[in-house]
Amino acid sequence: MLLPCLERFNRVLFDFQQKFPKAQWDESFKQDLINDFAFFSSRIEDPELKYGDTIKFLNDEFVNKEKLTSFLQLSDHQQVLSEIIGTYENFQLSEESIKNLHRNLMGSELSWNGDFKTFGDIFGKRHGTIYGTKIIADSCSIYLIGL
Amino acid sequence: MLMNRSDIVALKHLSTAKELVPFEAIPASFKDDFSRFFFGKTIVKDEFNHRFAYPSDIRKWVHALFLKYKN
Chain A
1 MLLPCLERFN RVLFDFQQKF PKAQWDESFK QDLINDFAFF SSRIEDPELK
51 YGDTIKFLND EFVNKEKLTS FLQLSDHQQV LSEIIGTYEN FQLSEESIKN
101 LHRNLMGSEL SWNGDFKTFG DIFGKRHGTI YGTKIIADSC SIYLIGL
Chain B
1 MLMNRSDIVA LKHLSTAKEL VPFEAIPASF KDDFSRFFFG KTIVKDEFNH
51 RFAYPSDIRK WVHALFLKYK N
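Residue numbers (the working numbering), protein chains in the order written: chain A, 1 to 147; chain B, 1 to 71.
Calculated from the structure, these hints are not laboratory results.
Be careful, since some hints might not be right.
[What the hints assert, rightly or not] Every beta carbon over 10 Å from chain A, so not counted as near; a handful from chain B, in silico:
no.: 1; residue: V9
no.: 2; residue: F30
no.: 3; residue: F48
no.: 4; residue: R51
no.: 5; residue: F66
[What the hints assert, rightly or not] Which stretches of chain B does chain A cover? Using the computed rule of at least three CB atoms under 8 Å from a CB of chain A, they are:
no.: 6; segment: 10-18
no.: 7; segment: 52-65
Using N, Cα and C, we set each Cβ at its ideal position, and we do this for glycine too.
Produce the complete structure using the sequences and hints provided.
This is the structure we're talking about:
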C-alpha cells in the first residue's frame, strides 16, 4: 500500500510519460538530466559539493582527490538514474522499486560514512514552499515535505 | 592528487574483494596511498612473479582511504 503522496507521484509520472515520451529526448537532454539529478540529490548529503567539480567527475574527468564518500554517492546516483531512464516507459514507484533504489544507493558500506542524522537537511525553497527530507533516525521514517 | 570516476568505481569494487587482488587492479591515482598502507604487510607472488594483496587487507585499505579523504 503506497502513501497517498507516492500514488500522486505515480499519476503525475504517468502524465509526464504520455506528454514527454523518451523517444523525443536527445542525448544532451538525458545527460543534463542525469548530471543535474546526481548533483542535487548528492548535495543533500554534502552541501559543499560544487557543480563544476560534479560535472567534471560525472564526465570521467579528473578532480581533486578528496571527499571520496561524496563522489561515490555521485557515482551511485548517476548509475541509478541511468537505470531509471533505461526503464522510463514502465517505471512506477512501488515498495519493491523504492527498496531497489535504496539498495543501489546504499548497498555499499562506503556510503555509510558518518553519523546518522536525527534531523535532515532542508535543501530547497521554492515559491514559499520548503522541499526536502526530514529524517527521524529513531523511527527510521522518511517524510517527504512539499510533494 | 587527482582521481576520476573510474577510480571510485574501482575502489567500490575492491571494498568487497573476496579473492586475492592483483596489484594491477589498484587505481593509479591511489598507488602512493596503497604503497604507504601496504609497507611491511604480507603480499603473495605467483610463479610469474605477479604480486597480489590479501582481500582482507584491501578491504581495510579502502576503508582507511575513505576516512583519510573524508573532507
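For each hint, the structure was consulted:
| no. | hint | verdict |
| --- | --- | --- |
| 1 | V9 | violated, 6 Å |
| 2 | F30 | violated, 8 Å |
| 3 | F48 | holds, 32 Å |
| 4 | R51 | holds, 24 Å |
| 5 | F66 | violated, 5 Å |
| 6 | 10-18 | holds (count 4) |
| 7 | 52-65 | holds (count 3) |
Violated hints, in rising order: 1, 2 and 5; the structure is consistent with all others.
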